[in-house]
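Visitor: Letter by letter, the chains look like this.
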Amino acid sequence: MSTLTTLARAEAVVEGVAQRITTVRHVHLAERPLVFIPLTMAGEANAPLAAMVGDDPDDATLLIVPQPRNRDQRFAFAAELANILVCYIDSFRSDIEEVRTNKGKDVRHRYADAPQLLVPNPGGVGFTRLFGRSTRFRRTDGDYPVDPSVPLLGRWLTYFFERAEHPGSSALVAMTQALSMHWATGQSPLEDAQLAAFLAWIAPPPGMTGAEAAAAAEDPVTWPPAGPATDPTFDNEVLAPAMAAYDRAVATDSQVARRRDELEDILRSQLEPTWRQMWQAISLLQDLPAGAHVPKRWAEDRDAFTNFTAYLDEGGFPQPRRDGAVVAARKLHRMERALTSYDVQRAYDDPMVMADYRLTGEAFVGEVTAAHPTRIDDSGKRRALRPWIAVTTGDPVLVTPGTTLFSPEQPNGQKARVMSVAQRDDGTTGVVLELTGGMGRSLTPAPGTVPEVGKRICYTTLSDSFMPPGAFPSREETPWTHGGPPAPYEDSAPTAEDAREEWS
Amino acid sequence: MTNVGQRLAAIRGGGAASRHNARTIAALTTNPGCARRAVLDCAGVDKQRLAAYVDYPARFGQSRFAITRGNAFEAQVKANGCAELLRLLRERLDLEIPEVSYDDLESVAGRESQDLRYARSRALLTRAAAQAEGAGTLFDHPLLRLEVAGQQAYLEPDLIAFQHDGQFHVVEIKSFAVIDGQADSGKVASAAIQAAVYVLAMRELLGEAGFDPEIVSHDVVLVCPRDFSNQPMAVRIDVRKQLAVLRRQLSRMTRIDALLADLPATLSFDFAPDDNGVPTRSPAALVAALEAVEARYSPECLASCELAYFCRHEARGCTAALGKSARDEMGGIERVETALAIARNQLAPADDQQEAAELLRAAARLRAELMSGVAG
Numbered sequence: 001m002s003t004l005t006t007l008a009r010a011e012a013v014v015e016g017v018a019q020r021i022t023t024v025r026h027v028h029l030a031e032r033p034l035v036f037i038p039l040t041m042a043g044e045a046n047a048p049l050a051a052m053v054g055d056d057p058d059d060a061t062l063l064i065v066p067q068p069r070n071r072d073q074r075f076a077f078a079a080e081l082a083n084i085l086v087c088y089i090d091s092f093r094s095d096i097e098e099v100r101t102n103k104g105k106d107v108r109h110r111y112a113d114a115p116q117l118l119v120p121n122p123g124g125v126g127f128t129r130l131f132g133r134s135t136r137f138r139r140t141d142g143d144y145p146v147d148p149s150v151p152l153l154g155r156w157l158t159y160f161f162e163r164a165e166h167p168g169s170s171a172l173v174a175m176t177q178a179l180s181m182h183w184a185t186g187q188s189p190l191e192d193a194q195l196a197a198f199l200a201w202i203a204p205p206p207g208m209t210g211a212e213a214a215a216a217a218e219d220p221v222t223w224p225p226a227g228p229a230t231d232p233t234f235d236n237e238v239l240a241p242a243m244a245a246y247d248r249a250v251a252t253d254s255q256v257a258r259r260r261d262e263l264e265d266i267l268r269s270q271l272e273p274t275w276r277q278m279w280q281a282i283s284l285l286q287d288l289p290a291g292a293h294v295p296k297r298w299a300e301d302r303d304a305f306t307n308f309t310a311y312l313d314e315g316g317f318p319q320p321r322r323d324g325a326v327v328a329a330r331k332l333h334r335m336e337r338a339l340t341s342y343d344v345q346r347a348y349d350d351p352m353v354m355a356d357y358r359l360t361g362e363a364f365v366g367e368v369t370a371a372h373p374t375r376i377d378d379s380g381k382r383r384a385l386r387p388w389i390a391v392t393t394g395d396p397v398l399v400t401p402g403t404t405l406f407s408p409e410q411p412n413g414q415k416a417r418v419m420s421v422a423q424r425d426d427g428t429t430g431v432v433l434e435l436t437g438g439m440g441r442s443l444t445p446a447p448g449t450v451p452e453v454g455k456r457i458c459y460t461t462l463s464d465s466f467m468p469p470g471a472f473p474s475r476e477e478t479p480w481t482h483g484g485p486p487a488p489y490e491d492s493a494p495t496a497e498d499a500r501e502e503w504s
Numbered sequence: 001m002t003n004v005g006q007r008l009a010a011i012r013g014g015g016a017a018s019r020h021n022a023r024t025i026a027a028l029t030t031n032p033g034c035a036r037r038a039v040l041d042c043a044g045v046d047k048q049r050l051a052a053y054v055d056y057p058a059r060f061g062q063s064r065f066a067i068t069r070g071n072a073f074e075a076q077v078k079a080n081g082c083a084e085l086l087r088l089l090r091e092r093l094d095l096e097i098p099e100v101s102y103d104d105l106e107s108v109a110g111r112e113s114q115d116l117r118y119a120r121s122r123a124l125l126t127r128a129a130a131q132a133e134g135a136g137t138l139f140d141h142p143l144l145r146l147e148v149a150g151q152q153a154y155l156e157p158d159l160i161a162f163q164h165d166g167q168f169h170v171v172e173i174k175s176f177a178v179i180d181g182q183a184d185s186g187k188v189a190s191a192a193i194q195a196a197v198y199v200l201a202m203r204e205l206l207g208e209a210g211f212d213p214e215i216v217s218h219d220v221v222l223v224c225p226r227d228f229s230n231q232p233m234a235v236r237i238d239v240r241k242q243l244a245v246l247r248r249q250l251s252r253m254t255r256i257d258a259l260l261a262d263l264p265a266t267l268s269f270d271f272a273p274d275d276n277g278v279p280t281r282s283p284a285a286l287v288a289a290l291e292a293v294e295a296r297y298s299p300e301c302l303a304s305c306e307l308a309y310f311c312r313h314e315a316r317g318c319t320a321a322l323g324k325s326a327r328d329e330m331g332g333i334e335r336v337e338t339a340l341a342i343a344r345n346q347l348a349p350a351d352d353q354q355e356a357a358e359l360l361r362a363a364a365r366l367r368a369e370l371m372s373g374v375a376g
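Heads up: the sequence lines are chains S and R, in that order.
Each residue of the first sequence is one higher than the one before, starting from 1 at the first, in the numbering used here.
Each residue of the second sequence is one higher than the one before, starting from 1 at the first, in the numbering used here.
Derived by calculation from the structure, the hints in this document are not laboratory data.
No residue lacks a Cβ here, since even glycine has one placed at the ideal position from N, Cα and C.
Hints may be right or wrong, so weigh each one.
If you want the footprint, here are the derived chain R segments under chain S, 3+ residues with CB under 8 Å [said to hold, decoys possible]:
hint, stretch
1, 42-50
2, 60-67
3, 120-129
4, 175-187
5, 311-319
6, 323-330
What follows is a list of derived Cβ distance ranges for each label pair [said to hold, decoys possible]:
hint, chain 1, residue 1, chain 2, residue 2, range
7, S, 58, R, 75, 45 to 51 Å
8, R, 255, S, 289, 55 to 61 Å
9, S, 140, R, 81, 38 to 44 Å
10, S, 322, R, 16, 49 to 55 Å
11, S, 427, R, 266, 43 to 49 Å
12, R, 181, S, 112, 38 to 44 Å
13, S, 190, R, 264, 30 to 36 Å
14, S, 58, R, 303, 32 to 38 Å
15, R, 303, S, 314, 44 to 50 Å
16, R, 303, S, 248, 34 to 40 Å
Isolated chain S, as found in the complex:
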C-alpha cells in the first residue's frame, strides 16, 4: 500500500465513506460479462456445491450439486456449466477484425471482442483454477467416460486462470480486487476481501456510515459470504439437514424432485445477494471512465483468446499439470514484462497513480517557466535540434543530471535529458531539460512538440518503451541444471490413469 492509499483510507475513516484512489478505471469491463459465483462444499477438495452464472442481471442460472460427494453428480454439474460457458464463449467467435502488422505490410485476424469472467473474490479465481485442473484431463472414452464438454470446460477454465495471473489482463477478474484498485475503504485490506463489506463502504445506505454498513454486511444471515466457502452455521443448521433429506429421498426413491427443489431454494438464497452485489459492483466500475491504455490491454486479451481458440481447434492437449523449465521461464519473463508495462501504463493514464511516483521522487509535475524551442546543438558533426526548457516544481526531485525522463502528456512520451537541478530557497526546484526527439525532422520543431511557457507538465523516469524479449533455449535444449529436456509433450496428454483419477 502506498502512502497515498493509506491517506485515502484515513480519509475514508473520517468521512465514513470509501474514497477514490484513481481518476479513471484500469480494468476493462466487457459489454456482456459472464458473472460466475461458485460455492464449494466444506472439507472436500474443491467439490462444487452450487454456482450462479449468467450474463444478464435479470437472468441468473442456478446450478446445484445435491450431493457433492457423488462423482456422477459432480460431472453432471461440470457438463451443465460447460454448456453455459462454451455457449457464451462461442458467441464471441463471429466478429473478426483485421490487424495490420509489420508496419502495415501483413494482416492477421483476431476476434473483435472476447469473453470476460467476473468472480466475487480471489477465492473464485482459485476455484476456477482447481475446477479446471479436475476436469481438463478427463476422457470421453474408456473407463469413467465423461461428457465431451467436461474436458473442454477444464481447458477453458485453465485458460481463464492463466490469464488472471497475467498482469493487466481483464479476462478473469476478482471483483474485490477490481474495487480495491479504485477505492480505499476505512477498513483493513483483510476486511476488504468481503464483497458485501466493500460495497457497504462505497455506497452505504442512507443514514449509515461506511463502518456501520460494513459491520451490518458481515452478518452471514442477511449477507451470506460470497463464496466459494459457505458459512459454517448455514452448513450445520440449514444445508446439512436438507442434504440428508435429499439423500433419504434418493434411498427410498420418493419425493426426490421435491427435496432437490428445496435444496435449490436454499442455495439460491445463499447466492442471490452476491449476484446482486456483483452487478452493483459492475455498474459502479462502469461509471468510471476507462483509462487510455485499457483498450490496448483488452486487445492483448483478445489476442490471447484468438490464439487459444485456434489452439483448441487444432486439437491442442490440455494444459500440463506443471510447466517445463523453459516454458515456465518464458511465462515468468512475459509476466514480468507485462507487470512493468501495466504499472507504467496506469501511471501514464492516471495522475492519481502517477502521484505515487511523485511522492517517491520518480516523477514530478511543474510549470514550464522558460523555453528555448529552437536551440541548435552544433557541437557534434551534425547540427541537431535540441530545445531546452526550464520547469519549476514543488515536488521533491531526486533525479540527477544526465537522467533521461519521459513526459506522459507529450506525444509518444517524449524524451528529455536532465541538464541541471537547482533547489531554491522557497522549497521549489528548478529543472532544466533538453529535448532529444519527437519534434520532426527539420531544425525547427513541429508545432506543439515543445512544451510552451506556462504549461503544467509531468516528467518521470517511467517508460513504457519497448522491452526486448529475453532469449531462452528451446525445449529440446533445456540445460541439465534445469532437469534437461523434458519428456515429449504427448507424455503429459491425458491417459487412462487420468480418467480413473478418483474424484472422491
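Let chain S serve as the given structure and place chain R on it in line with the hints.
Guide: Just chain R, lined up with the frame of chain S:
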C-alpha cells in the same frame, strides 16, 4: 498455589478454566504483544462465552461437512492397523519400520481420567524409548501434556510413530488436499505449528523421564489426501522454526506476573451465574474489566481470537485497525484523526513523527491537488 496462580484464579472467577489444545496453543504465537489476550489465556477465561456475553460474538465455527470428512479420512488412513500409513512411511519417507506393533492409547473404558491416560501414554512411550533396538511402534492418540502459563494442558496428537533406530516422529493427519504437490499455504502453516506443539510436549515428556529430548524428530510427517482423491500421501515438514517460536512464546507467558503487577488488584472476568442462573455481573462490568487490560488489535486477530470483534470495535479510529502496513505508513501515529490533522498541517507532529509527517503532508498536498478533479 502460588501467588500468581491465585491471582489468575481470581481473574477467571467462578467459571471452569477453558482448556488449551494444540490449536489454541498454536494461536498464542500470533500477536504475542497483546496483553489482554495473554492475561485471558493464562487465566483460562472462556473467551468465546465472554465475547458473546459482551455482545461481540466470535464468528468462527466449523462446518459439519469438514468435520465428517476429516474424521472419515483419519479413519481410512488408520484402518487395518494403519496399513496404509505404514506403506507411506516406508515407501515415501524411507522410514525403516520393518515390523510394527500398534498401540491404541485412546481411552479403553471411555471413562479414564486424563491423568490416568497420560500416565499410560507416558509409560508406553518411555518404554519404547528405552528399548532402542525394539521394533517400530505406532502409538494412536497418545495423551501428552504441556505446561502453559502454569497450567497443564492435555494434548492428543493423531499418531506418534517410533522408528526402530530410536527416533520418534509426530504424524499429523489432515484432510486438506495436496493438488499436484501444492496445498493451501495457510493450512500447511497451521498444521506445522500444531505439530510443533506435539513435538514440544513429547520432548518434555521424554526429557522428564531422563531421555535425550532430541530423539523426537523435528521432522514431522503430514498426511493429506492427494489431488482430488481420498488417496493419502505423506510429506515431511521441518518444524524447527515453529518450535523456536513456540518456546519463546511459552516462556513469555511464564512471565505473566510482570503483566499482572500493572493491573488493578480487583480485576476479574467472573461472570458465573448465581443460583438462579443469572450471571452475577453485568456485561458493562465485564466491558470495564476488558478495558482495564490493554489489547493490541490488528485485523489478523479476526481469524484467530474470539474477542477480536470486541477489540475491533474498541480500535475504531486507530491506524492499527487499518492493517499493519497502514499503521507503518502513518509512522506509527496512533489515531487516524491525528494522522490526518498532521497531514493537513492542522497539528504539529511530535519529534519522533517528523519523518512520517513530512511524507504525509506531501501525500495530502498531492491528494488535495488531484481530488479537485474527481467527483465522489
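Visitor: With reference to the structure, classify each hint as holding or not holding.
Guide: Here's how the hints hold up against the structure:
| no. | hint | in the structure |
| --- | --- | --- |
| 1 | 42-50 | violated (count 0) |
| 2 | 60-67 | holds (count 8) |
| 3 | 120-129 | violated (count 0) |
| 4 | 175-187 | holds (count 6) |
| 5 | 311-319 | holds (count 3) |
| 6 | 323-330 | holds (count 5) |
| 7 | S:58 / R:75: 45 to 51 Å | 48 Å, holds |
| 8 | R:255 / S:289: 55 to 61 Å | 58 Å, holds |
| 9 | S:140 / R:81: 38 to 44 Å | 41 Å, holds |
| 10 | S:322 / R:16: 49 to 55 Å | 51 Å, holds |
| 11 | S:427 / R:266: 43 to 49 Å | 56 Å, violated |
| 12 | R:181 / S:112: 38 to 44 Å | 40 Å, holds |
| 13 | S:190 / R:264: 30 to 36 Å | 33 Å, holds |
| 14 | S:58 / R:303: 32 to 38 Å | 37 Å, holds |
| 15 | R:303 / S:314: 44 to 50 Å | 47 Å, holds |
| 16 | R:303 / S:248: 34 to 40 Å | 36 Å, holds |
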